[in-house]
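Asker: Just so you know, the protein sequences line up as chains A and B, in that order.
Per my numbering, the very first residue in the first sequence carries number 10; after that it's consecutive.
Per my numbering, the very first residue in the second sequence carries number 12; after that it's consecutive.
There's no promise every hint is true.
Here are the simulated lysine to aspartate or glutamate pairs, DMTMM-like style, with alpha carbons at most 25 Å apart [said to hold, decoys possible]:
1) Lys64/B / Asp53/A
2) Lys157/A / Glu130/B
3) Lys135/B / Glu86/A
4) Lys157/A / Asp63/B
5) Lys135/B / Glu106/B
6) Lys157/A / Glu91/B
Pulled a few chain B residues facing chain A out of the computed Cβ check, cut under 8 Å [claimed, not checked]:
7) Pro28
8) Arg69
9) His82
10) Asn84
11) Pro87
12) Gly120
It should be emphasised that the hints constitute simulated quantities derived from the structure, not laboratory data.
Only a predicted model underlies this, so the values are computations on that prediction, with no experimental measurement involved.
Note that beta-carbon positions come from the ideal geometry of N, C-alpha and C, so glycine has one too.
Residue strings, one per chain:
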Amino acid sequence: MGAQSQDSGGGYASEINITPLVDVVLVLLIIFMVIVPVMMRGYDVSIPGEAQVAPPTDERAEQIVLHIEDASCSIVEPPQGPGLPAGCVVHINDTPVTVERLAGEVAAVYAERSGDDRVLFLAAQPALNYEYVMRILDAARSQVQDLKIGLVTAG
Amino acid sequence: MQRIKNPKMNSTINVTPLVDVVLVLLIIFMVIAPRLNLDQAITLPETQRPPDKPQTERQIVVSITADGQLHVNDQPVGREQLPQELLAQAAAIGEAQVVIKGDARLSFGHVQKTMFEIEAAGFKDVGLIARQSEGS
Numbered sequence: 010m011g012a013q014s015q016d017s018g019g020g021y022a023s024e025i026n027i028t029p030l031v032d033v034v035l036v037l038l039i040i041f042m043v044i045v046p047v048m049m050r051g052y053d054v055s056i057p058g059e060a061q062v063a064p065p066t067d068e069r070a071e072q073i074v075l076h077i078e079d080a081s082c083s084i085v086e087p088p089q090g091p092g093l094p095a096g097c098v099v100h101i102n103d104t105p106v107t108v109e110r111l112a113g114e115v116a117a118v119y120a121e122r123s124g125d126d127r128v129l130f131l132a133a134q135p136a137l138n139y140e141y142v143m144r145i146l147d148a149a150r151s152q153v154q155d156l157k158i159g160l161v162t163a164g
Numbered sequence: 012m013q014r015i016k017n018p019k020m021n022s023t024i025n026v027t028p029l030v031d032v033v034l035v036l037l038i039i040f041m042v043i044a045p046r047l048n049l050d051q052a053i054t055l056p057e058t059q060r061p062p063d064k065p066q067t068e069r070q071i072v073v074s075i076t077a078d079g080q081l082h083v084n085d086q087p088v089g090r091e092q093l094p095q096e097l098l099a100q101a102a103a104i105g106e107a108q109v110v111i112k113g114d115a116r117l118s119f120g121h122v123q124k125t126m127f128e129i130e131a132a133g134f135k136d137v138g139l140i141a142r143q144s145e146g147s
């Protein structure tokens, strides 16, 4: 009897108590589970520098510019809800397009192009709201894979 | 004697794991608190299908709050100091991309101006960070 109790006592003392370790690891796990869903999402935009040599005129004619102007698309105030601005008309080069049909029109324009030719230049008036411009940009690139976005340098 | 002593020892609550957990929580919240404050101040623009843009070590985050205050990696920076600050950060991490977290209430011109300033500092590509709208 005496020997038995001594044995069990000795056994307890020699075991490592892993409870605090498990506690800490679980807390860390929970914290990382909370942080990970906050993944960033965003659009890559290239800004052609002014020092860059202007492309030859025949290539320049091929450039496709998305114009968003206050006159045909008044989006100065921040949006109140989700979705594209109603009744907004933008221009692909000189062709007016309503924002609802923009995705299809842009897809049609880029159907013949591939690789490095798939660049859409964005020319939005400075007074317009940033969030609406981003939504229009999102709609424009939604049906074209690997569409690069460029920023028009001169106002 | 021994029989009386043992139950007494068992009756005390072991606070060591509790203290461990609380200290770890405290440290983690100390680390993320400044970051959370800035992220709460900025409402990112909501779009339907923003592409994934994984956070990496080689990104310099330029935040623009609704009142136009610039931050580089969560540290407030004046507009005049932006190029120097960007170059200093880029020198520390090597090849870097600048990503812009702009508030949705800003004008496009404000963001555009900042993009041109970033380009003038020698960065050809920037990322515009957005948030996927709920329920799409």
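Asker: For which of the previously enumerated hints does the structure constitute a violation, in increasing order of number?
Answerer: Going through the list in order, the structure violates hints 3, 6, 8, 9, 10 and 11 and respects the others.
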